Amino acid sequence: KAGVTQTPRYLIKTRGQQVTLSCSPISGHRSVSWYQQTPGQGLQFLFEYFSETQRNKGNFPGRFSGRQFSNSRSEMNVSTLELGDSALYLCASRGGRGDDGELFFGEGSRLTVL
Amino acid sequence: GQSLEQPSEVTAVEGAIVQINCTYQTSGFYGLSWYQQHDGGAPTFLSYNALDGLEETGRFSSFLSRSDSYGYLLLQELQMKDSASYFCAVRGGYQKVTFGTGTKLQVIP
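As they're listed, the protein sequences go chains A and B.
If you're matching positions, the first sequence starts at 1 in the working numbering and goes up one per residue.
If you're matching positions, the second sequence starts at 1 in the working numbering and goes up one per residue.
Calculated from the structure, these hints are not laboratory results.
This one's a predicted model, so the numbers in the text were calculated from it and none came from an experiment.
Heads up, the beta-carbon is just placed ideally off N, CA and C, and yes, glycines get one too.
A couple of the hints might just be wrong.
Unchecked claim - Which chain A residues face chain B? A few, computed with CB under 7 Å, are given here:
no., residue
1, Pro-39
2, Asn-56
3, Phe-105
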C-alpha cells in the first residue's frame, strides 16, 4: 500500500509570507502528527490530529496551525514566516491500535525561508 | 514535560557491536521506540519496547528498564549501511510521541 505522501517536497519563501504543507497518510490511518526537524534539534513535535480533532500540541507559537480533513489528510500552515522556520517538516501517520508505537513518516517538506 | 538524552555521535568499526543509550524523563510513559534516519531520508521504525527487557529483531535489539527510565539500541555485525542517525522516542500521555535529538552513527571500515 502507498506510504505517507507529503507535498510539496521543497519550497522557498521569504520572511513574512505564509506556507501550507500537505500530508496524505497511509490509507486507513486516522492519526497524523507533524514534526519540525532542524540540525542538532532532533524532531520537535508540532501537533497530532486524530479523526479531525487536534489531540496534542507541542510548544510552538500560534503561527503554526494545522487541521485534518474527513479523509484523514492533514495540512499545516505557518504564517508570518521567520528565518528560524527553515526546516524539514515531517508528517507521520499511525494506524491500528497504536499499541506497537510505530509511526510511518513521509519524506518531508523542506522549507527554506529567505 | 518530557526530555530524552542520547549521545550525539558514535563511531564504530564494521563488523563490531555498538550500543546507543537513551535516558528519559516523561510525564506518563507507554513505551520507547527507536527510529533510523539516513541523510536526506525519512525516519523509519526499528523497534518498540512497552515492557522491561530485551526485544530482538535480526541484527538489532532494544532494551528497556522502566525503573531506571533507560533504554538502549544494540546493533550487531555492523555494516556500512548502518551509518545513519538513530532516534529514541517516548510515547507518553495522550499518545504524544517525543523524540530525542538523535545519535549520528558512523561505521568505519
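Against the structure, the hints come out as follows:
| no. | hint | verdict |
| --- | --- | --- |
| 1 | Pro-39 | 10 Å, violated |
| 2 | Asn-56 | 4 Å, holds |
| 3 | Phe-105 | 4 Å, holds |
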